[in-house]
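**Student:** Every letter in the sequence shown is one number past the one before it in the UniProt record's numbering, and letter 377, counting from 1, is 377.
In case anyone wonders, no lab produced these hints; they're calculated from the structure.
As the structure is a computational prediction, the values presented were derived from the model and not from experiment.
Careful, some of the hints might be misleading.
[Stated by the list, open to error] Below are the DSSO-like pairs computed for lysine-lysine, each with C-alpha atoms no more than 30 Å apart in a straight line:
id, residue 1, residue 2
1, K128, K173
2, K498, K397
3, K257, K121
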Amino acid sequence: MAQRLFLLNPKCFASLLIRHASRHESSGPSFDFSYDKQQHSQPLGDQRTFYVQHKRNTGRIGGDTQFNHSPSRGQYRQNNVTGFGGRPRLNSFGKKNFDLQLNRINWKDFELQSFEKKFYKPDERVIKRDQSEIDTWMLDNACTLQGNDLPRPVLAFDEIGFPSRITEHLCKKFVKPTSIQSIAWPVALSGRDMVSIAMTGSGKTLAFILPAIVHLLGNTPLQPRDGPKVLVLLPTRELAKQVEEVSREYCQMMGLKVTCCYGGAARGPQEYALKQGVDICVATPGRIMDFLSSGVTNLRNCTYLVLDEADRMLDMGFEPQIRSVVGQIRPDRQTMMFSATWPRDVRSLANDFLTSPAHLNNVEVIEEYSKQDRLFEILRDIQAQPECKTLIFAETKRKVDELTRQFRRNGLAALCIHGDKTQREREWVLNEFREDRSQILLATEVAARGLDVNNIKYVINFDYPNNAEGYVHRIGRTGRQDKTGTAITFFTPQDGPKARELVDILEEAKQSVPDDLHRLCRMR
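Turn these sequences into a full structure, and let the hints steer you where they fit.
**Tutor:** What follows is the structure, encoded as structure tokens:
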């Protein structure tokens, strides 16, 4: 099970997020959930209306007829397919490609064309910045950086030396770089390999894509059928499409081509794009294996490799495919690895693929008042995953109702249970959750006692429980039956007296404890 913790940073009075792992199986614009409302979904009716309509149509709880959450308040249509009314999900990674084998390349037989990967020239402001200011910034942003002769972080977009069009666009769109961007950009542009422990939503896509664009502009353009120079490997088609969307925005500015290759979609358009020639290929392991084995493309000219969400790819059984694909790429490439956790199998992969990498451990810092907006952002990322069943705990019945209403108004099919709900409504809600007709359940701790639901992938503690036993009990609801799970916890100043017991839990689980949590303990 992975555990994330939102913790108050006592120095800058903000909340921060870390993620730890064990095994059971930009500072830019503030988070605005209206994006999802416009782009992804429409408002849903409230839970009570949905429940009453269900009773009218079935006359009993748990009837055979199933209903979709409709954008129109109080209106639902029948559907005999379990889920939210569509066809069953297709596997984004292409299981049929799991057994493909690629011919191993003996790179000693090749005379490799030289390429450039060092582009970084420190800005005068970065050079003159006092070390104490950098140390304070690293502490406030809860970042650690390990490695030899590493460049200093940049604190503004115009300090890194990107092409002027990109810099101007960044300045218009964001306020300043996120912490991971501040550190990763100088490291990547220096030609170094890098491992970053960072969560989704930390700005990591721009952390690796913008240096990739500089890498492409500084080297010889490829011809059609030469294969991409930049390969981004990631676990799911949903994530692949997100990364492609971000990449395309900046590639178009610089006249570069990007394509996205993933299973569960027509093969023809992806094959055509590769044959026409692309600079950046964003791909899932199964689909790129397919194209490599059939000779559609090759990676002999690839000089910049990104492994995004490496831990998830390993959890999904992709290690053989990853190793096979990376074996098709020249060994003197530049490699960037991003992972939310740092378990043994990810460390092994990093040791095999990276050369003297810089290690960045990022703890995202957010403002305290952004806690609820951050929850929306996390849920948006979760809902894009193939497995997204989520249980959210809040302290009061009022907060549970409030969050549920806001989720449904923003198009998330959430339901809730607490002591003010009738037994029949609670049973109906649990049945909807068990049968995957609703992927988000909110509950008070008392109402969730005795809750028996399998396949919960995420548990979110919006409010920290009253004691350590409650915390352990809550997070134990995910990652069952030898499956992986993630627990996300918000920890605020009011929870300070419980900091010591949380440290004990993390240490007992042999997980790293953030310095800020230790400092919070010492303040008590």
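**Student:** Looking back at the hints listed earlier, which ones does the structure fail to meet?
**Tutor:** No hint contradicted; all consistent.
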